[in-house]
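J.: If you read the sequences in order, they're chains R and Z.
1 is the number of the first residue of the first sequence in the working numbering; add one for each residue after it.
1001 is the number of the first residue of the second sequence in the working numbering; add one for each residue after it.
Hints listed in this document are in silico derivations from the structure and should not be mistaken for laboratory results.
All values derive from a computational prediction rather than experimental measurement.
Glycine is no exception: its CB is placed at the ideal position from the N, C-alpha and C atoms.
It is possible that part of the hints are untrue.
What the hints assert, rightly or not - Far from chain R, by Cβ distances over 10 angstroms, these chain Z residues were calculated: (1) 1007; (2) 1030; (3) 1032; (4) 1035; (5) 1042; (6) 1051; (7) 1053; (8) 1077; (9) 1078; (10) 1088; (11) 1090; (12) 1092; (13) 1112; (14) 1116.
Stated by the list, open to error - Now the in silico label distances, taken between C-beta atoms and shown as ranges: (15) 104(R) / 1099(Z): 39 to 45 angstroms; (16) 177(R) / 1071(Z): 26 to 32 angstroms; (17) 168(R) / 1069(Z): 54 to 60 angstroms; (18) 149(R) / 1116(Z): 27 to 33 angstroms; (19) 37(R) / 1032(Z): 37 to 43 angstroms; (20) 1071(Z) / 36(R): 22 to 28 angstroms; (21) 1054(Z) / 36(R): 44 to 50 angstroms.
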Amino acid sequence: MRVGMIALAAGTASLVMAPSPGTAQGAGGGAWLHVRVEEPGRQSKVSVNLPMGAVEAALKAAPDTVVSAGRIHLGSEGKSVSISDLRRMWAEVRATGDTEFATVEEDDETVRIARAGDVVSIHVDKPSHREAVRVEVPVDVVDALLSASGDQLDVRAAFTRLQKRRGDIVRVNDEHSSVRIWIDEGR
Amino acid sequence: MLKLLLAGAVAVPVATVGAVAATGVVVVDVREGRGGQHLVIPIPLAAAQVAAAFVPERDTRLHLGAQAERYLPVAREVLTALAAAEDAELVKVEEPGQEVSIRKEGSLLHVRVHERGQQVDVQVPIAVALSALPEAGGRISVSQAVWALQHARLTQVVEVQGADGEHVKVTVY
């Protein structure tokens, strides 16, 4: 369940940070966002391929639901984190350089958050190796997102940075399904 | 005098056919299953547009909630962005006995649904979809949407094949 929540949050974050039409057509060329969901048990496959311009347009409606009153709301349990706290945490994390800065080991899962080069990776693994979440967020995307002042996220600046990203953003594998979200130049 | 009458008799239908051909015709072809009726109904686009202009104002308004109205500009932007994008398969869903595909093909959105012997094919010109989106206040411009079908000339916009052999085609010429 927790793995699913993290995957959902990561997926939402990656989608919220998709580039804008103007910028996507500019430096990033014709970037496309791809989503694949497979459930082999149900013989079900879903494939979505969208130009970044369309994704960004669609997500214009999203920020209000993700951020309100300067806080990012996580899940449906009323948990939230303030943007200023997030900015402070990120400044400390950023200053540490390449390192594994958080490891949470519980009976049923291990969560590792690490920075390697220009990417922050979040790995969630179940001991059975049947469930795994891989999220990779470029450092400069987070920098850009938190570059606004006060209780604001600069989503547009994050879009601009993310458009340079090519490759996987989110991978989730569990017993019954797999989800992959990535950006590339192809359709 | 006779020549003038003959010329008039030929010119009027030719001009009418020419005008109809120039503005477009929607042909609805309905074939009922198991030896049933076969209906072919041609509707000149110009006539449909004129008829649409007479749709009472109150019937062109949708009661959209504030939330839904907020998404209209978003839908418009998404469609505009899709129109500018390269052709591609945007969505594909495969499940046992069912397949749904949405492709962008030129200026059209092609939606194809196959489900247990039934097949639905819809090709919506993006221009029509944009015209069909309600304006502020929930108003739909019916005649504008009909006129936008001009962008779908020589296109089979709808094809439905039922499991019992019924077949419906709507083609714009």
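J.: Taking the hints in turn, state whether each one holds.
T.: These are the hints, each one checked on the structure:
Every CB of chain R is more than 10 angstroms from the CB of residue 1007(Z) (nearest about 55 angstroms), matching its label as outside the interface. No Cβ of chain R comes within 10 angstroms of the Cβ of residue 1030(Z); the nearest lies about 33 angstroms off, and the non-interface call holds. Chain R leaves residue 1032(Z) outside its interface by the beta-carbon criterion, the shortest separation being 34 angstroms against a cut-off of 10 angstroms. Under the 10 angstroms C-beta cut-off, the non-interface status given to residue 1035(Z) relative to chain R holds; the minimum distance is some 37 angstroms.
Every beta carbon of chain R lies more than 10 angstroms from that of residue 1042(Z), the smallest distance being close to 36 angstroms; the non-interface claim holds. With a minimum CB-CB distance of about 34 angstroms to chain R, residue 1051(Z) clears the 10 angstroms threshold, and the non-interface call stands. Distance check on residue 1053(Z): its Cβ is at least 31 angstroms (rounded) from any Cβ of chain R, clearing the 10 angstroms threshold; non-interface status holds. In this structure residue 1077(Z) is not separated from chain R by more than 10 angstroms, as the shortest Cβ-Cβ distance comes to only about 4 angstroms.
Taking the minimum C-beta to C-beta distance to chain R, about 5 angstroms, the non-interface status of residue 1078(Z) is violated against the 10 angstroms cut. The claim that residue 1088(Z) is not at the interface with chain R is violated, since a C-beta of that chain comes within 10 angstroms of its own (minimum 4 angstroms). Not every C-beta of chain R lies more than 10 angstroms from that of residue 1090(Z), the closest at about 6 angstroms, which undercuts listing it as non-interface. With a least beta-carbon separation of about 4 angstroms from chain R, residue 1092(Z) fails to lie farther than 10 angstroms from that chain, contradicting its non-interface assignment.
Remark: the non-interface label on residue 1112(Z) is consistent with the geometry, its nearest Cβ contact in chain R lying 14 angstroms away (cut-off 10 angstroms). With a minimum CB-CB distance of about 15 angstroms to chain R, residue 1116(Z) clears the 10 angstroms threshold, and the non-interface call stands. Roughly 41 angstroms separates the CB atoms of residue 104(R) and residue 1099(Z), a value that falls within the hinted 39 to 45 angstroms. As the Cβ distance of residue 177(R) to residue 1071(Z) is approximately 29 angstroms, the hint placing it in 26 to 32 angstroms holds.
Taking 54 to 60 angstroms as the suggested C-beta distance range, the pair residue 168(R) and residue 1069(Z) does not conform, at roughly 37 angstroms. Distance hint check for residue 149(R) and residue 1116(Z): the Cβ-Cβ separation is about 57 angstroms, which falls outside the suggested range of 27 to 33 angstroms. Hint check: residue 37(R) to residue 1032(Z), Cβ distance near 39 angstroms, so the stated range 37 to 43 angstroms holds. The given range of 22 to 28 angstroms is respected by residue 1071(Z) and residue 36(R), whose C-beta atoms sit roughly 26 angstroms from each other.
Between residue 1054(Z) and residue 36(R) the CB atoms are about 49 angstroms apart, so this pair conforms to the stated range of 44 to 50 angstroms.
Hints 8, 9, 10, 11, 12, 17, 18, counting from the list given before, are not met by this structure.
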